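J.: Residue numbers (my numbering), protein chains in the order written: chain A, 18 to 314; chain B, 18 to 314; chain C, 6 to 312; chain D, 6 to 312.
Think of the hints as simulated: they come from the structure by calculation, not from any bench.
Computed from a predicted model, the values in this text were never measured in an experiment.
Treat the hints with caution; some may be incorrect.
Computed footprint of chain A on chain D; a stretch qualifies when at least three of its residues, placed anywhere within it, have a C-beta under 8 Å from a C-beta of chain A [said to hold, decoys possible]:
id	region
1	67–74
2	78–84
3	99–112
4	277–289
By construction, the Cβ of each residue, glycine as well, lies at the ideal position given by its N, Cα and C atoms.
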Amino acid sequence: MSKVFEDVDVAVGKCSHITHSLNHRASINTSSERFHNYLLKPAEVVSNKRLSEGLWRVEMRPISRECLNDVKPLQFFMVWIPSSDEIPLSVSDLTEDTISFIYKVRGLGTKALSALRPGSFVGLKGPLGNGFEVSYVRPSSKALIVAGGSGIAPVPYLIKKLAVANVQADVVWGVKSDAELFNLREVLPDLDVRVFTATEDCSAGYCGLASQLAVELLNEYVYSVLIAIGPKPILRSLCSVRLSGGLEFYVALEAVVKCGLGACGSCVLEPTDKLLCVDGPVFRCGDIKEHLMKGGN
Amino acid sequence: MSKVFEDVDVAVGKCSHITHSLNHRASINTSSERFHNYLLKPAEVVSNKRLSEGLWRVEMRPISRECLNDVKPLQFFMVWIPSSDEIPLSVSDLTEDTISFIYKVRGLGTKALSALRPGSFVGLKGPLGNGFEVSYVRPSSKALIVAGGSGIAPVPYLIKKLAVANVQADVVWGVKSDAELFNLREVLPDLDVRVFTATEDCSAGYCGLASQLAVELLNEYVYSVLIAIGPKPILRSLCSVRLSGGLEFYVALEAVVKCGLGACGSCVLEPTDKLLCVDGPVFRCGDIKEHLMKGGN
Amino acid sequence: MSVGVDLTTYVAGLKLKHPVMNSSGILGSTPEHVERLFKYGVSAVVSKTMTKGFRVGHEPPIIIALEGEGLLNSVGLANPGISGIPPIVRKAKELNIPVIVSVGGSEVQEFIDVASVAEESGADAVELNLSCPHTKGYGIDIGSDPNNVYEVVKAVSSTIKIPVLAKLGLSDNVVKSAGKALEGGAKALTLINTVKSVAIDVFSCKPVFKNVYGGLSGTPIHPIAVRVVYDVYKELKPEIVGVGGVSDWKTAAEMILAGSSAVQIGTAFILKDSRKLVHDIVEGLKEWLIKLGLKNICEAIGLTHKA
Amino acid sequence: MSVGVDLTTYVAGLKLKHPVMNSSGILGSTPEHVERLFKYGVSAVVSKTMTKGFRVGHEPPIIIALEGEGLLNSVGLANPGISGIPPIVRKAKELNIPVIVSVGGSEVQEFIDVASVAEESGADAVELNLSCPHTKGYGIDIGSDPNNVYEVVKAVSSTIKIPVLAKLGLSDNVVKSAGKALEGGAKALTLINTVKSVAIDVFSCKPVFKNVYGGLSGTPIHPIAVRVVYDVYKELKPEIVGVGGVSDWKTAAEMILAGSSAVQIGTAFILKDSRKLVHDIVEGLKEWLIKLGLKNICEAIGLTHKA
Ligand SMILES: Cc1cc2nc3c(=O)[nH]c(=O)nc-3n(C[C@H](O)[C@H](O)[C@H](O)COP(=O)(O)OP(=O)(O)OC[C@H]3O[C@@H](n4cnc5c(N)ncnc54)[C@H](O)[C@@H]3O)c2cc1C
Ligand SMILES: Cc1cc2nc3c(=O)[nH]c(=O)nc-3n(C[C@H](O)[C@H](O)[C@H](O)COP(=O)(O)OP(=O)(O)OC[C@H]3O[C@@H](n4cnc5c(N)ncnc54)[C@H](O)[C@@H]3O)c2cc1C
Ligand SMILES: Cc1cc2nc3c(=O)[nH]c(=O)nc-3n(C[C@H](O)[C@H](O)[C@H](O)COP(=O)(O)O)c2cc1C
Ligand SMILES: Cc1cc2nc3c(=O)[nH]c(=O)nc-3n(C[C@H](O)[C@H](O)[C@H](O)COP(=O)(O)O)c2cc1C
Ligand code: FES
Ligand code: FES
């Protein structure tokens, strides 16, 4: 497997300007900008609806719009639900004055979030982490986005931003069963995008894993970039795909994010010393291979 | 006397745009700019020399140049002399990276200042107060500056800034005795300016008070603005001068300035509620008449 | 938009048209200062802390700004002494604004003497400064010992009839001192004063203040002040005037939620546009109450403890 | 330019190549964290405070930023427990960097137990956390009582042989506690911890932390920390590690002039560019020493008291 990673590394080596830019992205421009991102900014819930089994979408209006400037796809916010929890959620969509998140109800925090009615107040800390810099993707090329389960959450905003950069996206969305699916066009009415669904129980779309379907598409079409979001096994297997040519591989990881500021260390991506909350959540495969190769979810 | 002030008020009424601008000047642009001005900024003494009996000139290089941006003539700094005192001094000159003050040795603070050798460190708080906005003076017109004693301190920088705005200045400098005089061209080598000196003991120049000499010049030449700096009696008598036409009268006052930030109230210009350190030190005669009319120095 | 929202609040029996006053030490030593504070729009004027005799205070520098939007001051309780009290009160009466005279002292009798002059002059209330951190013998030395607090408050409360507020600073015993102040007869508590600090100039290697110590105020102490208000309210539910880093409607609202019936502002009058500040806070508080669905500010006082 | 300036400093018998460490609680729970801190350029690594058992800590939110460049944290001493100590020490040894294990406890025996594990693991020193303001029974409750401080420090110092540092927080008795810690055998004092605070969200009207209280750190507490260092140095002239709002060479220099032999940084690693911070401070300190005409940093320690 390490051989595969090395190949990826080599492919990366060809685009050393991109590698450099990526490193550069790792440092937020000014410490005052960073500071502002770290403040808890109040926001009012505008709507909060179930999209499918387990998946919900919440739209919020920050009291001050400032925190909506310069949000990059795959960046996240720590969403504080008063008296219950604070959880990391990826930006799912932005409008002039609202921000949306798609989330899966898992435990206490997400359950409390799903119980919020319009008019409730939450607190937003962000945008946090490094987003995906769409301007580094070659214009007029195509991107393949692979989402596993709730990994679909950041996809709408990612597609939107790619479209602005004149990059068209194909989406592979893999779930366990069709009950989890919703119509992506509900949240993405205007965009010209092909969505390929895959279910593990073969209840809809492609029968199998998202990663398998992705490999088929990679063989069929030409993409300049692949962005995979979801459980670690999907990311691991996609990063191992061996392809010739200039395809760039990116993954968006998850980890236990408690502070979101690089302080507590809960999100460290062992065995590396990278912190997901400040160095991630998006990485180039080659930059995070030790972590991906280490088993577990 | 109040009649005289009313006349001045009328003259002012004609230039209501100027009045407005003046009021506007009273508020510093942003609170963060204000805040920066209020920080104690370290500076190193570059030179410190006697100019004449009692008058000294100190040149300092701030460790960070920032505080030298946007300094207006007649603004002042609180100059902290470690372990001894903090005193208000008007900006006498600015270069790329240095600031100069001309000061009269009076008590402990100024004595300690005069004892500082090059390489000593002081702290600067400023620029403080409202300066004189040269851009409000009609270009190609002439200004008459009347300085009493150490009121000469801010004159070099004022002349320099007026010259940039294409306003030529005549200076009347009145002192008790010629020992206090120094050659203004020593600190103002490049400027084309006429200096009229007056001594109270008739030891040099015009024999009499600066204000008397000023009145003679006002009768002889046409000025668009008069700026008087010095002891209250001089300012009071000049503000009472009755002239036809659009001459604008400004005075730069002194008061006990302890904080320089509008907090302690030591500089209140009784019986008004104006604070010299934030509303002054420069005022239009009409705006400060109650204070000038109240006796004392 | 803000029609129907009532900001009227009550502290120590005083009715205030809104909850924003100045804090002691921002102007407040002369009638001209009172006039200026009145123009700032405060709902009551608080005088500079007055001691029996005139005090010249410390030599400059007396105030410096610090990174983090704070101020450090070492004014040293400069004040005109009791003879300065009547003119201030007279001016406030002329302007028809409630006036609270801040009273300082180094021993019980001095507090009594100054407070008595305040009462005779017609002051609406006195605020006992038991918490100045940079003037030896005049402040926190008293306020950090609950028994001293009791003694001073009790002595003054039994001598004068106008309401007494006790101003306490940060100390390990602040909740206990607060209890003792109430026991001694204080009608309300003002919390907190500045926090003892030091600034050193790294080029001259000297402390910036001759007196070395200064009191930290403004934004840096706000969360500390909210904590003290929160703790004292939780324990004792007294009337509290919250002070420390109030600089906009939000920081004022936070103080109110923590348990303050009114707030005072010092540093923000210096660092922000003092002529707009109170107006902006008052308007902001009104909109905030509407957003919360509350009709008057009293419903918001201490709300965090109730929810 | 900075040739010939020596930043080597000594704390509790440890020789440090420069005076800048991380403060406890910024990473420091796992070997990966140690590696990251090492890359930040610190002269010694300080671990997260370790208790005997694993502690999950408080539920998020655990840290928020506050106006005035401060942080408020309520991490609740989340840590892996004693089993986490050996891997950390091992990694530090591998990287050839001194490691100080921060030790927490709710009773004397827990301090002894954790400190003993640190010693056995090969730690260079332990720092007793007697000052966490937001975890009941684990911190400032101990540190604000000089007798407790004495008891804990004495017990640990008599059990282990590696040097013991005592970390104290802001309290009325901090100078007394400092004296007691030294009496109990502490080789150096770390001053200060965060300051107990509260933040309330004005829309939900709830405290931001479930646990209500948080510890204020960063720029806002810097002048308070300098004050504590100044006071303790003045009284006792011990070796001090200054902590609180150090964010650039100037704030570090201020701590040193006040009496610190070294400094620690927490908040600035979070709010500033952590990979450049130590380097910038070290270079700044060198230039500063040259400007002052000093050859090594030891001459600057406590200089404000000497001049
Ligand atoms: C950078 C980042 C971005 C994220 N973006 C999104 C998003 O946009 N939408 C979304 O639905 N989720 C997202 N997540 C995951 C989300 O944060 C967690 O689902 C959430 O924190 C769970 O909180 P809880 O209190 O409901 O569950 P907990 O009570 O904390 O946990 C309940 C159960 O869920 C499991 N669990 C917790 N977190 C995860 C996880 N990340 N993956 C799988 N299982 C988990 C726990 O192990 C536990 O069994 C993101 C995570 C990160 C780190
Ligand atoms: C805005 C402003 C700008 C100033 N600019 C300058 C300047 O550029 N050059 C300059 O020489 N001075 C200037 N001054 C005056 C200067 O600040 C004082 O001379 C200085 O503070 C005296 O300090 P000291 O400690 O030496 O004297 P102190 O010990 O304070 O006083 C010594 C004696 O001087 C008298 N004195 C103090 N201040 C003044 C004063 N302002 N006028 C007359 N007598 C005074 C005192 O009453 C006392 O008798 C300015 C003052 C203000 C308010
Ligand atoms: C310049 C200055 C002078 C002060 N003088 C006094 C005083 O005389 N009496 C007093 O009780 N408090 C005094 N204080 C403290 C303030 O009243 C207030 O408690 C403190 O500054 C915190 O509020 P802030 O953050 O709004 O400034 C002073 C504060 C400053 C900044
Ligand atoms: C997120 C965070 C966690 C902390 N955890 C600990 C800890 O475990 N043990 C400890 O002694 N201090 C802890 N502290 C306090 C710091 O070590 C330090 O004393 C304080 O933050 C002041 O320094 P600073 O202003 O540089 O942050 C923590 C501080 C922060 C911000
Ligand atoms: S979540 Fe705390 S360091 Fe990343
Ligand atoms: S000098 Fe303090 S208010 Fe002007």
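J.: Count the residues of the region 67–74 of chain D whose CB lies closer than 8 Å to any CB of chain A, then report whether that count reaches three.
T.: Answer holds; 7 residues pass the 8 Å Cβ test.
J.: Quick check: do three or more residues in the region 78–84 of chain D have a beta carbon closer than 8 Å to a beta carbon of chain A?
T.: The restraint on the region 78–84 of chain D holds, since 3 of its residues have a Cβ under 8 Å from chain A and three suffice.
J.: Cut-off 8 Å, C-beta pairs, minimum 3 residues; does the coverage of the region 277–289 of chain D by chain A stand?
T.: With 4 residues close enough to chain A, the hint holds.
J.: Can you tell me if the region 99–112 of chain D counts as covered by chain A, using C-beta to C-beta distances under 8 Å and a minimum of three residues?
T.: Our answer is that it is violated, as 0 residues pass the Cβ test (under 8 Å) against chain A, missing three.
Checked against the numbered hints given earlier, the structure breaks only hint 3 and satisfies all the rest.
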